[in-house]
Amino acid sequence: MSMPNEKHVDVFGATLTRRGFVKAGGALCVGFGLAGRLPAATPKNTLDPTLPGSWIEIHPDNTILIRTGKSDFGQSTTFTAYRQIVAEELSVPFEAITTVVMGDTDRTPDGSGAFDFLGRGTPNIRKAAAYTYQALLDQASERLRVPRNELSTKDGVFSGRGKRISYGDLVKGRQLKLTIPVTGDLTNLMGLTVTGNPPMKPVSQYTVIGQSYKNSVTASKVAAREQWATDVRLPGLMHARMVHPKTLGSTLVSAGALDKTRFPNSQVIVKGNLVGVVAPTEWEAIRAAQQVAAATKWSEWKGLPGDANLFTHLRESSDWKATPVMKSDKTRGEVAPALANASKKLTATYQMPFMKHAPIGPTMAVADVQAGGEVHIYTHNQNPQALRGEIAQMLGITTDRIVVRSFAGPGHYGRSNGGNAGAEDEAVILSKAVGSPVRVQWMREEDFQWSTQSPAAFSDVEIALDANGKIAAYQVDHYMPAMQDDRPVGAILAGLPTMPAPNEKAEFIGSTANSLQDPWIYDGVPVLLERGHGTYQVGEKASPLGIGLRDHSMRTPGQFQQNFPRELAISEAAALAGADAIQFRIDHATEERAIGVLKAVREASGWQTRPSPANPVSTGDKPARGRGVSVMFRSGTYWACVCEIAVTPSTGAIQVEKYTVAVDPGIIVNPMQLKRQVEGGAVMGISHALLEEAKFDESAITARDWQTYPILKMADIPEIKVVLLNRPEVGSYGGGSEAANALAAPAIAAALFDATGKIARRLPLKADYVQTLLKA
Amino acid sequence: MATIVVNGVRREVPSPGDTPLLYVLRNDLELSGPQFGCGMAQCGSCSVLLDGKEIRSCITPLSAASGKEVTTLEGLGARWAQQKGLPKAEAERTLHPVQQAWIEEQTPLCGFCQNGMMIKATELLERVATPTVAQIKEAFTTSGPSAHLCRCGSYTAIIEAVQHAATIMAKAR
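Chains A and B, in that order, are what the protein sequence lines are. Residue numbering for the first sequence follows this note's numbering, beginning at 1 and increasing consecutively. Residue numbering for the second sequence follows this note's numbering, beginning at 1001 and increasing consecutively.
If we strip away everything but chain B, and leave its shape as in the complex, we get (with noise of 0.2 Å):
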């Protein structure tokens, strides 16, 4: 049994320590944001943040991930409201900035890919308060292991809904 902390929670997992991460979350904790796209970290479906910064949880084995916080699409909501020190009913309840601005925007079209581009979002915002459209296009296509990739061609939806969610989280600020 290896024990590894995900969305603030410490878990036991059966799996053995060379398990893809992705594997681990999908399957022995039934997790349903990371998705596979392609087991070779070339287009972000499975991304995760591990301490804050995103990663493929498809190639990164669990023992990787000991010791470290994993926060899943599952998590954004505590992560934002541990963030803005919000009452445990409220933070239940909290949508993070990026997912309320995915809705808002109406950025997901089949939405298959999107876990990864809120991960990505999240990370950058964490990062840069008002990203310019250079610095998302850069974010998104650059900056990681590879580019995240939207086959529905969402990607205007996510710059819009990357900048609205800046918005919202200048109010909160």
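Bound-form chain A, shown alone (with noise of 0.2 Å):
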């Protein structure tokens, strides 16, 4: 419906709509209309209805407002990338981007997840921008009466045959609404995204993009000044431990009386098999749920296969056949004969353990279900759109009665990308049992056992190669369980409605089917087969409560679990072939790129050009010394790394002394907080190399604190060098927060190869482990 006073302009798709004048203020709010749809489908905004959900907000005094639904969790891309390319589409210093409004449901136009924020080059965020560029130019052109291609810009101000005018003249007094095209659905997993092609400004043009800027929010965290989502404070706060089940497949027998005499403000709710004690201070909810969880009863379970039996239980009793093989879209030519045909040949298996997370603080949120029915959840979430998706099902009420507000809080590392981490279903139970605001906060034992993890894998490789040491043939086949559970565990506790558990029918998120995450780079390969095989969770039919090992994507997600397998297989097959590894990898490349990553990083760690294994080899005390090499492509972006270890062959002890890394993402937005993210990414690396493995028994995970899940300390980082390759011709900019931390593993068990002449074919590569290989 049209205001009698309103005026509508196309603008490459996308509309602009002008409502007269305003006495004071005015504003260019940019929001979006879903493409084919009723604009009704558009969930509403219960906090302040007044607020649009507008990517962009250009005010009369040249600042500039962006919001955007993808929260920061220690990326820094939503602070600085994001400004960056607004700004710079929009022709306006950096500066001038005063206010970046993230991750707030009722706030915030876009959802997804905090994943893929470059978009592949080009996010949301950046063809908003481009709209807008596009709409102001319009503006511009009637105001000043200057075709637009007379018209230039500078620092937000348009020129042109001797007239000027800036950005916030041309808003002043106007209430101009642009509304752009999206499709998808908010509160899916990957939430809308911006449709059609506005122009974009040429890379050649670029001031802004390619600089240092740093992190507004880094100032603030550092002072003090943050408000994370430990500190909301609601008035009424009440404090919440829960008293989770006493394995993965216990129910309820029993829950323990509270003792009233020594917590006499305490009450504890029960909600099916979820029980959980509320308090008003922090200490008595933890000694009150202390108590009432060493009386609480629940039934034995023990339906695990115990990490011992893991990768026996995994290829002989699980159900690979219920869902479809997928295979890679590379796939070409006969594996069969080539490998009968095979002049030299690998056969090999490679193991991935279960990994956590592992996040520094333990999940939590605040919840507050108000006597109306209106839920306000404050928390730190990946993906806060999904998450109210999960609590309106939970609850049976509809969308817009559901508000999350996104804080700062520790990074999640994918976890909470489907929506929640763990804590916020909880919360919502507790508040509506008691009528007030609840804040629960899980326990580090309970962050680690009763989390989703990150799934354990195995493949199975087949190489040939020819007389001439090149491979002739290459087939894997990939295994691994159900990456992508959403279920909100407070929910499947509580028997409460949630979505399935990942099975074969799922479309997509929610699926057991092991997709191909690991794009193939060696091109050079005549005849390939990849092929990924999916199944249920581990332990989760056999639970009555429908647990299990739950798994999520954590960084890297899939790609990690076919890379190891694919790059150390190909650094054996190099040293089988007699070949230098890189030297071999660049052999089978044909894509300029990954030869230019893989040149880089020999450059750049000097390495010589030699066979695997170093010759001769060291035993004993001394420590033996060796290098590997891996490569990948990610996000747009193509990574390539060397690891340079000492091993001392009597422990097993492997230092990495040295983690060299090529990264070419294209167009590089901001070198200092890329070169951060990747630094970052190799020491969690490295962890999940040396270190990382979920251990479990028979009933739960084992892994409760800091020492039965070791991660890497100051101590044992290596030297790091990053070698950033700037390459605006490509055009788009690709991810820098992924990839790095699985490069590592790889590249380090090729360099205990190359050292010992052993190879570590599971990880993690514990002393103890490594030790055993070597005395074999």
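For the record, the hints were derived by calculation from the structure and aren't laboratory data. Incorrect hints may have been included.
Chain B is faced by these chain A residues, among others (derived, beta-carbon under 10 Å) [stated by the list, open to error]:
#, residue
1, F73
2, V217
3, Q227
4, H239
5, K321
6, A322
7, P362
8, H412
9, Y413
10, L712
11, I720
Fair warning: this is a prediction, and the values are worked out from it, not measured in the lab. Note that beta-carbon positions come from the ideal geometry of N, C-alpha and C, so glycine has one too.
Make the complex out of the two chains shown on their own, each in a separate frame, by following the hints.
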């Protein structure tokens, strides 16, 4: 419906609406219209209906506000790269973007998760800015009576034919609303996507992208001015601790009685198998929950294989037939004859353990279920819109009655990108039960034992070499249980509605299908077969709770599980061919950027061209040294890494001495922030490779703290050398927050082989495993 | 009511004496620097200075802080200002060189552990003016009840920031 004084203007498929003139203020707001759908489908804003779900607002004082559904989890992207991208498309200084609003479901527009921020080169915010610029250009042309093509822009001012007007003056006294086209579902994992093709600024004209701007939130965190999710305090707030079941399949026999003489102000809430203790102070909640836990009885359950039997269980006792087998789109040629005619052949199996995301702070959330049924959740979550959908389903209400507000918190590394990290739904259930706001904080042990994990996996690889030592055929079968279980665990325990557990009938999200995640980069290989086999989560169907070992995507998800086998196998094949591991890769790659990162890492690391293993191999207490390489393509970015290690044969202890990585993301948006991301990923990757495995017995995860789930300490980090390759000609910006954590494992295993001649095909490379391997 | 001195100010707090100092600082005094990471003195996210020594507030009872000076992340600037004899107006605007260096070096990733990292860095730099990389690694790995853990992997940036802070502090001498 149009107001009588409204005007509508088409802007490359977007619609600019002008609502007359206003006496004070004015703004250009960029909202969205769902393509091919009624606007009524747009979820309402319930906290403040006057706030538009607007990507970009331009104000009369020339300041700009941006909004995004994506929250910062340590990537810095929303505060640096997003500002730079918007500033670049609008031709304004970086500093003009004074406010970034992110992750609040009632006042950010696009949903989706804190992953793939750069949208493989064209994030929503870039297109939103590009549409905005075109709308501003139209306005300037009309106001100045100068044709569009005679106007130029600098620092937020249009000029042409001797006339000038700033963006602020263009919007002053006017209400302009630009409606841009989008598709998708707000509360779905992927959220909304901006469609259409507005003209974008040529890369050759970039001035803001490529500069090392600082992250504004860093100063706020460092000076203790940031409001963290952990700081949220509401009037009447109650503290809660959970009493989770004894095992991942135990049902409640009887909840322990509360000792009212010791804890007069506490109460126990029981709903199905969910038990929580609520108290006015945090310390009372902790002690009361401990007392109740000790008196609570659970059924026994032993439905897990135990970590020692994991891979036997996966291979022999798991159903790999119900889920369709996935094949990569690069599959070509007939593998059977090629393998049969091999001059030399590698046949090997590689194994990856369950790993924990292990945020440094356990999950917590504050929920306020109000008397009228409105639900407000205050938390730190990678996908607040998806959380909103999950809570609506759990409570049987519509999403417009739920608001999720996002605050700073510990990195989750993917654990909450499907909408929940653990505490959110439990806080809602408890708040509803007690009628006041409730803060649920998991303890360290619960965060290890009741959260999801990165799924274990194994892969069977066969490589045929021809008489010239080139790969004639490559075949791999990847096996991995379902990776994305987004069911809120509190809802499961309470017997409330959730989405189904991952299954073979689900499409994309929630499917047990094991898709091919590691893009093949050795296009010189003539015969290729890559298959992915999926199954149900370990123990889930055997658990009376339907829980078992729940899995969730973790930084470089799925690709880590598939790249470790591939890259270690390629290093082994190179050795079998008597070839240098980097040159062997270059000889089989055809993509120029893949070859580019390999050459860059070879030069930067001082790599000596020779076959592995090094000769002679040392033994005993004298450290043996070796080097290994790995390569990956992820989210528009090429990566290659060289790890140099020292291993003490008598103890099996590995020290990574140097980690060199070459990164080609195409256009580098912010070199300093990218470097910090890569360094962090490198450290996490060495931790994964050397230390991390979520141990479990027949009943539960047995990791419970930082001693039973150790991560890398400062004393154990190597020298880290990051080589950034800026390639504007690529025309898009690739991601930088993932991949680095997956590169270390195959490179370190290859380095161990180089140093000792022994191949370790199972992670982690703990000292006792390596020691046993070297004695064999 | 117990009385403790936090960031130079005497504060009355309602918590019983066995309450871990962390919950007193966060809930009674509404300070946001120290964070709950493990509750077992295994990670360092909750660190504060107690009479200048880094302690883990998650396992230190309130009663153990009585009669001693507690300094949190919020109080580092004032601590530096006092050490340098800066006037009060300036003191309120001052960040500790450790905090300045953490910003200059863009050290935090998620930042949740960095409270403890900056507390540890302050303790180290008050003791050793220009620590070597080995001394920095020792301070953050083996000197306390546990290593200070960073899950995002910011250790390289921390080492660079400690060295940068040492330079800023040396210039102020």
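Hints, one by one, checked against the model:
1. F73: holds, 6 Å
2. V217: Holds - the Cβ of A:V217 comes within 10 Å of chain B, reaching about 8 Å at its closest.
3. Q227: holds, 7 Å
4. H239: Check passed: Cβ of A:H239 comes within 8 Å of chain B, closer than 10 Å.
5. K321: violated, 38 Å
6. A322: violated, 36 Å
7. P362: holds, 7 Å
8. H412: Hint holds; A:H412 Cβ to chain B Cβ min 9 Å, cut 10 Å.
9. Y413: holds, 8 Å
10. L712: holds, 7 Å
11. I720: holds, 5 Å
Consistency note: the structure conflicts with the earlier hints numbered 5 and 6.
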